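In case you want the letters, here they are:
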Amino acid sequence: MNVYSTSSDNDRNTSITPSRLIPPEILHQIFSLLPIRVIRCCALVSRSWNSSAIPYLYQNIVLRTHTQLAFLNRTFASPNAPHLGEQVRSLALLVSPPLLPDWKSHAWDRDREIPPFSPHADENYPEINTGCKETEWLETHVTDADLRSILIRCPNLGAIHLNGCSQLTDTTLVTLADSCRQGVLHTIHIALLRTVTDPSIVHLVQRHGPHLRNVDLSLCTSLTPASVALLARATGPRLTHLRLNSIASLTDDSIGAVAEWCPNIRLLHLVRCWKVTDGPMTAIAQRCRRLRYLSVAFATNVTEEGLTALVNQCAELAWLDITACGVRLFFKEAVLRRWTQVRTQTGRGEMAVVDRKVLLV
Amino acid sequence: MSDPANITLVTMDGTTFTVPSAYLHRSKLVQDWLRSEGDKQAMEVKHVTPFVLQGVLNFCEIHAEDTSEPLADPADPTKPFEADPRDDAFRGMPDDQLLQFTMAADILQIPELVRLTAQEMASRIDGKSPDQIRAMFNPDDLAEEDVDSDNEMGEVGEEGAISK
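From first to last, the protein sequence lines stand for chains L and S. The first sequence begins at 1 in the working numbering and counts up one residue at a time. The second sequence begins at 1 in the working numbering and counts up one residue at a time.
Calculated from the structure, these hints are not laboratory results. Possibly wrong hints are sitting among the right ones.
Cross-link-like lysine to any residue pairs, in silico, SDA-like; alpha carbons within 20 Å at most [to be verified]:
(1) LYS46(S) - ILE26(L)
(2) LYS28(S) - ALA72(S)
(3) LYS128(S) - ILE36(L)
(4) LYS128(S) - ILE54(L)
(5) LYS128(S) - ASN50(L)
(6) LYS128(S) - LEU21(L)
(7) LYS128(S) - ARG112(L)
(8) LYS128(S) - ASP109(L)
(9) LYS28(S) - PRO23(L)
In this text the structure is predicted, and so the values were computed from the model without any measurement.
Using the sequences plus the hints, can you model the full thing?
Structure representation (structure tokens):
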């Protein structure tokens with residue numbers, strides 16, 4: 001039954017209901033257009049605003065100091081916030097803000113922070129530089145216990161960035177694999193987790209394999225080629241970004257598996273994978289036509305033959321790092337000229353070839 | 001189902017508006033109603049006052065000829081928003097009216113109008129303190145228990161350590 005109230009002319013302009021409560025779906029419309037800095041203010045307006053704003057505040061968490069990590073732990077553990085963890089979609093532990101900002105950089109501003117998974121962030125990010133002071137908190141302070149209490153509360157976590165947290169072990173990886181709901185986790189960056197071994201990767205792949213899109217296993221030096229091949233096989237066409245820097249034991253077979261099972265790969269970093277040769281490069285050239293970023297820096301057995309096949313066949317290739325790889329010095333200039341020629345003749349886009357000077361002191 | 005030439009809308013107090021159906025081709029609610037079975041005499045739009053509905057129909061009239069792709073999700077922030085000079089009337093109105101238009105747009109499910117009004121609300125909220133926002137939208141009915149301990153939850157924020 002509909003009960004209509006009769007309204008007189010002079011209060012037509014004012015609201016119908018006595019309270020001007022904004023419905024949650026409209027708050028959702030508004031908040032989705034606002035930057036996080038404003039939503040933080042909105043959360044303080046009223047209880048209903050707060051409950052609408054909280055999901056936005058906790059969606060993408062970026063931590064840059066151990067104090068922040070400890071604070072997040074305390075927040076999650078407090079009885080006021082039993083379900084906050086369910087809002088978390090991505091978690092990133094990044095290097096701390098520059099201790100001494102130079103004249104050209106801004107003072108650090110958390111509102112200008114770009115989480116590493118956002119579309120505006122650099123998908124072709126460089127390797128973590130462990131030589132600088134800013135990575136220290138990741139390497140020395142972040143422990144399995146810190147992350148466990150966070151991960152068990154975040155079943156909807158889709159992306160996690162733990163590059164550089166070298167204290168973390170298999171325990172974290174197993175907790176991550178068990179606590180995330182299946183089908184949600186798609187991005188996992190665990191560069192420099194040197195002690196991570198095959199069984200935990202196998203466990204992760206068994207649970208989340210078909211959904212993983214973006215994997216960074218750089219410097220996980222305890223891994224064997226078998227687990228990389230398994231990963232490639234389980235993820236299949238979903239996988240677009242793969243970094244395997246410095247897993248020196250990798251052989252042609254494991255990269256061959258990537259070429260065979262992952263036709264949609266877009267980024268492949270193989271820095272210092274010195275056992276890899278031209279064989280898998282030609283396989284990639286034939287099968288992975290969407291490749292855009294490739295690094296074979298210091299992969300001394302990858303030569304101009306394999307790379308020429310790639311340059312000829314991968315139309316989208318836009319960035320190629322050949323620093324100190326196997327391209328023979330004698331041919332280098334001619335090869336590079338030939339590549340540019342091929343690209344212009346076939347009307348393909350510009351390709352940036354990175355060839356840094358290596359100084360052996 | 002054949003499209004009628006005109007659609008009659010009835011607001012909560014019984015005021016009727018009859019408009020060409022082409023005006024409302026962007027409203028998902030009206031389209032669903034047209035597709036549904038039953039009596040097509042007049043569509044009841046409850047919770048909308050005549051004044052607001054008039055404004056919404058003005059918007060529909062202005063944009064009836066638009067051929068742009070319908071907006072799939074008005075809450076998608078990746079789609080850039082272009083201010084249309086024809087919509088300036090919506091941008092100039094007082095806060096509480098704007099809020100009612102947003103709600104009406106949400107009820108009638110017109111994504112373009114939702115986006116326009118939500119964008120305008122967002123730009124008005126931007127840069128305001130919580131107290132100022134409260135004054136804008138909840139001037140009279142902020143119950144006691146609404147204010148008490150919100151700070152505990154809100155202050156934590158995204159990187160809580162700094163907020164304290």
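**Asked** What are the numbers of the hints the structure violates, in ascending order?
**Response** Hints that this structure does not satisfy do not exist here, as all of them hold.
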